[in-house]
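Colleague: Next come the chains, spelled out residue by residue.
Protein chains: 2
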Amino acid sequence: MFKGIDHIGIVVRDITSALPLFQEGMGLKLLGIEVIAEDNVKVASLAIGESRIELIEPIKEGTPVFRFLEKRGEGVHHIALRVEDAKEAIGRLKEAGLKPVEGRSQTGAMGMEVAFIHPRSCHGVLMEVCEELKPRGKREDGHL
Amino acid sequence: MFKGIDHIGIVVRDITSALPLFQEGMGLKLLGIEVIAEDNVKVASLAIGESRIELIEPIKEGTPVFRFLEKRGEGVHHIALRVEDAKEAIGRLKEAGLKPVEGRSQTGAMGMEVAFIHPRSCHGVLMEVCEELKPRGKREDGHL
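Residue numbers (the working numbering), protein chains in the order written: chain A, 1266 to 1409; chain B, 1266 to 1409.
A few of these clues could be false.
Below are the EDC-like pairs computed for lysine to aspartate or glutamate, each with C-alpha atoms no more than 20 Å apart in a straight line [stated by the list, open to error]:
| no. | chain 1 | residue 1 | chain 2 | residue 2 |
| --- | --- | --- | --- | --- |
| 1 | B | K1294 | A | E1360 |
| 2 | A | K1268 | B | E1289 |
| 3 | B | K1359 | A | E1289 |
No lab work stands behind these hints: they were computed from the structure.
Just chain A, same shape as in the assembly (with noise of 0.2 Å):
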């Protein structure tokens, strides 16, 4: 079902001044940087071998992810785990006892379809489950 780790989500303060120590002191290549307006954060993805390292910063006071950092600090938030389907995934995985988190965003970074996991179901791991999405031409809206 799984085929790898996607990507590790970093909660940081402020995406410019923590960008250079991934940049610059370990060499990670900055994919870009991008607002995902519906859960209030600015994401900045790096490349690590075949998965991503993505520093979030909260947008917006009250939200989430602020609460977050507010409560435990700058830190791992969650891990994401790459499948082929993610619908045929997260049925599986509520099978298996684990709890979607209900009205999160379905796009994620990179314009991945994506799904959370409750940490409170997966041993206090905030776990997102995603699927790269196929190449599939020029959409109308102008966006691939």
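Got chain A sorted already, so can you dock chain B onto it with the hints?
Modeller: Just chain B now, with coordinates in the frame of chain A:
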């Protein structure tokens, strides 16, 4: 410098009761369970693509992983990045301002050479740098 994510270390209260979720529920293959005496932990390694998930159970009160579990509960404990040469990588990371954790085990699960970077220098992330040991016959000092 970094070849990929080697593993994600997750602290659990009890490996035996956590394993069925990861093995049967998530379909991950168990590679082995071992005791790292120096760190006072038991570690179960599960394969996911070219990476691993490590479930880590403290086996002695008052030790760092035991205190992590007491303070923060179950959850992600560290992330481990794979390098060609651990010593060279640590040298470069020190130049970049990252601080190694002194006095930690130099051999981790799966017989890897490892070093840890202190979370205070790395945005709250305990980062392990690990080097896969190549098969190279017996060395003169008796180590493999």
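Colleague: Would you mind marking each hint as holding or not holding in the structure?
Modeller: Consistency of the hints with the structure:
no., hint, verdict
1, K1294/B x E1360/A, "19 Å, holds"
2, K1268/A x E1289/B, "16 Å, holds"
3, K1359/B x E1289/A, "13 Å, holds"
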